[in-house]
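Chemist: Each chain, letter by letter, is given below.
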Amino acid sequence: THRPHAQMIPSAEAMASRKEGTGSAATSSSSTTGPAGKGKGKGGSGDSAVKQVQIDGLVVLKIIKHYQEEGQGTEVVQGVLLGLVVEDRLEITNCFPFPQHTEDDADFDEVQYQMEMMRSLRHVNIDHLHVGWYQSTYYGSFVTRALLDSQFSYQHAIEESVVLIYDPIKTAQGSLSLKAYRLTPKLMEVCKEKDFSPEALKKGNITFEHMFEEVPIVIKNSHLINVLMWELEKKSAVADKHELLSLASSNHLGKNLQLLMDRVDEMSQDIVKYNTYMRNTSKQQQQKHQYQQRRQQENMQRQSRGEPPLPEEDLSKLFKPPQPPARMDSLLIAGQINTYCQNIKEFTAQNLGKLFMAQALQEYNN
Amino acid sequence: MANKHKDLDHVVHIQPIVLLIFFNALPSMPGSFFLDKMATPAAPASTPAAGPAPAAAPSAAPATAPAPAPTPASAPAPSPAPAPVAAPTPAPASSSDAAAAAATTAAPGQTPASTPAPAQTPAQSLPGPALPGPFPGGRVVRLHPVILASIVDSYERRNEGAARVIGTLLGTVDKHSVEVTNCFSVPHNESEDEVAVDMEFAKNMYELHKKVSPNELILGWYATGHDITEHSVLIHEYYSREAPNPIHLTVDTSLQNGRMSIKAYVSTLMGVPGRTMGVMFTPLTVKYAYYDTERIGVDLIMKTCFSPNRVIGLSSDLQQVGGASARIQDALSTVLQYAEDVLSGKVSADNTVGRFLMSLVNQVPKIVPDDFETMLNSNINDLLMVTYLANLTQSQIALNEKLVNL
Chain A
1 THRPHAQMIP SAEAMASRKE GTGSAATSSS STTGPAGKGK GKGGSGDSAV
51 KQVQIDGLVV LKIIKHYQEE GQGTEVVQGV LLGLVVEDRL EITNCFPFPQ
101 HTEDDADFDE VQYQMEMMRS LRHVNIDHLH VGWYQSTYYG SFVTRALLDS
151 QFSYQHAIEE SVVLIYDPIK TAQGSLSLKA YRLTPKLMEV CKEKDFSPEA
201 LKKGNITFEH MFEEVPIVIK NSHLINVLMW ELEKKSAVAD KHELLSLASS
251 NHLGKNLQLL MDRVDEMSQD IVKYNTYMRN TSKQQQQKHQ YQQRRQQENM
301 QRQSRGEPPL PEEDLSKLFK PPQPPARMDS LLIAGQINTY CQNIKEFTAQ
351 NLGKLFMAQA LQEYNN
Chain B
1 MANKHKDLDH VVHIQPIVLL IFFNALPSMP GSFFLDKMAT PAAPASTPAA
51 GPAPAAAPSA APATAPAPAP TPASAPAPSP APAPVAAPTP APASSSDAAA
101 AAATTAAPGQ TPASTPAPAQ TPAQSLPGPA LPGPFPGGRV VRLHPVILAS
151 IVDSYERRNE GAARVIGTLL GTVDKHSVEV TNCFSVPHNE SEDEVAVDME
201 FAKNMYELHK KVSPNELILG WYATGHDITE HSVLIHEYYS REAPNPIHLT
251 VDTSLQNGRM SIKAYVSTLM GVPGRTMGVM FTPLTVKYAY YDTERIGVDL
301 IMKTCFSPNR VIGLSSDLQQ VGGASARIQD ALSTVLQYAE DVLSGKVSAD
351 NTVGRFLMSL VNQVPKIVPD DFETMLNSNI NDLLMVTYLA NLTQSQIALN
401 EKLVNL
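Line order of the protein sequences matches chains A and B.
Residues in the first sequence are numbered from 1 upward in steps of one, following the working numbering.
Residues in the second sequence are numbered from 1 upward in steps of one, following the working numbering.
Hints are computed from structural coordinates only; laboratory data are not their basis.
Careful, some of the hints might be misleading.
[Unchecked claim] Below 20 Å or equal to it, Euclidean Cα-Cα: the simulated SDA-like pairs (lysine to any residue) are: (1) B:Lys210 to A:Gln72; (2) A:Lys235 to B:Tyr291; (3) A:Lys234 to B:Tyr288; (4) A:Lys235 to B:Ala289; (5) B:Lys210 to A:Val111.
Chain A extracted, bound-state conformation:
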């Protein structure tokens, strides 16, 4: 289980600085409607504002370091991304970490921290534009209500923001796992209304596959950093572990499946709830119907006897309709299950490849 972590909120200063700073960038960007100051994405434009995310190597290293040093087990580490928007590309040039939430410093002011950090960074000429936030994840479980809310508040304030999900365990297995997500315009609309009832969701035609959209990532380095990389390569020892090709990864698979099973259990509970709800509604309908019929009969009898008919009673007071179960949660669960399944499929594909390689080696040996 995750410890509840702070909701990431873009600071007011971030929004203010966007208003003054990026006027020119906004006019050149084709898809944002209106000046950057407004920040409200007009979902009607259909295609999203960001087609690609370009990350500096420095940001990748910083995120890795942050998790390595401060994250343990299932806790997530979070931080803020800084950068700028160039046409339909989001460039992330720097980032800074957020302290973990601990119970003892409840008076820790996040907004204060953010503002101070950004102000200080501005002095050393680091881009001080908020463009998103990052979070680490445990075996790929990041589709939660908290994430949704945070990303919504970010995207609401700054249209092009993304959330970077860094999976340290998968990275430790051999290849960097960093993904950028945004909320789809449809989901943004629904969140804006703050109405998560089934009707609204049905109207928005949202399925779990269309909650988050993934944005492709590229990594870019400046020339000087490339020189640095050459230097490092010469000086440091060759890595002696090639984790990527290790065959002993059933542990990882087991963990993934475990989490998947938990989610599926939750899902089935949800479905049971929904079924009960449906049954209750239909039963109620029947009862209402019967009541009405009895009423009518009585009224007819009374009429035949010459008595005044009984007053029409408010049916809705007698039969309170049952509460429809919250649909948002089941959407989130479905989304999460989907992510797990994707991860598992990727994983098995890799492992199959490795097994075939091992087979080839063995054949050669014989």
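Based on these hints, arrange chain B on the given structure of chain A.
Modeler: This is chain B only, laid out in the frame that chain A set:
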């Protein structure tokens, strides 16, 4: 007092250069004889004024270093840098230690008011005329790549006209080595004669960083550029108030010698004990430390060196396996090449390498083919089953979605 400073102004500007010439040209003994003439006693009197003055406004600057020395002599009164001595470095075994240690009393990291004025001789780490202390052997600096990338990035973002950038290094210390894990740049102004460092900013940033990683301490500072200048000495002095025995890291972004050399120094005392002391920067061994994930990250980032516009995308699952196997293939071909060379006599055989090769070939386990077949098949079956289940689950939830929305 103020008048005295004014008088010294024009004198002071020349001094550093004069001193350099002196120290480079003369062996230290005659030098100390010369310096004897200087009236050192007056110095401590002015120190209480200089000491507590926070480095925040490095001030009326130029003369900060030599100014407090009210001596009219041509060379300022050098004094021991308080920091390096008290630190646990096995370092300067020169008896300068004893004198300086006494002077610094018991406050390792701070400029105790009792030490003579913090005027330092900007001596280079040349084992020439000065008395070099023995290198602090066993002191290794372990750097993480994120630091270097951060330094290069702040260099690229420096203000117009600034030749170099400086910043603070954070990290942890243990018995034998110092591990630098984080850094941030500090705005500073540097010109011919003066240097101003915004220490207030540095303190603030450190506090903010502490909130995220409470274990990190200030270890020292870094500067870009290939040389240690006089101003470095001053800045080092400021930092020695923050941390005992600060480390100075230089990253040569101007690419002298066609390489970006990365060096670390610690300042040590030199000079004649009891008399005039100077400061020298002695080099430390620099090693690179990586976490596993960092290693993987760096490997990936390094690929931008090969792409034309320095951009790479993240690869998908099977591509990664392909990439890793390609790497192993390369390694194998190198080994094969070596074996061929040895066989054809081009390279002499080396037994240790031979043993490694032997163990490499034996790594592939010898399993009875049938057993291997069974193992392989069962593994493949497991994986296929899991894939099937995953697909089934996905279609199930899609179906559920459709039903609910009816």
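Chemist: It remains to establish, for every hint, whether it holds in the given structure.
Modeler: Now the hints, each set against the structure:
1. B:Lys210 to A:Gln72: Within the cut-off at roughly 18 Å; holds.
2. A:Lys235 to B:Tyr291: 16 Å, holds
3. A:Lys234 to B:Tyr288: Holds, because 11 Å separates the two Cα atoms, which is no more than 20 Å.
4. A:Lys235 to B:Ala289: 11 Å, holds
5. B:Lys210 to A:Val111: 17 Å, holds
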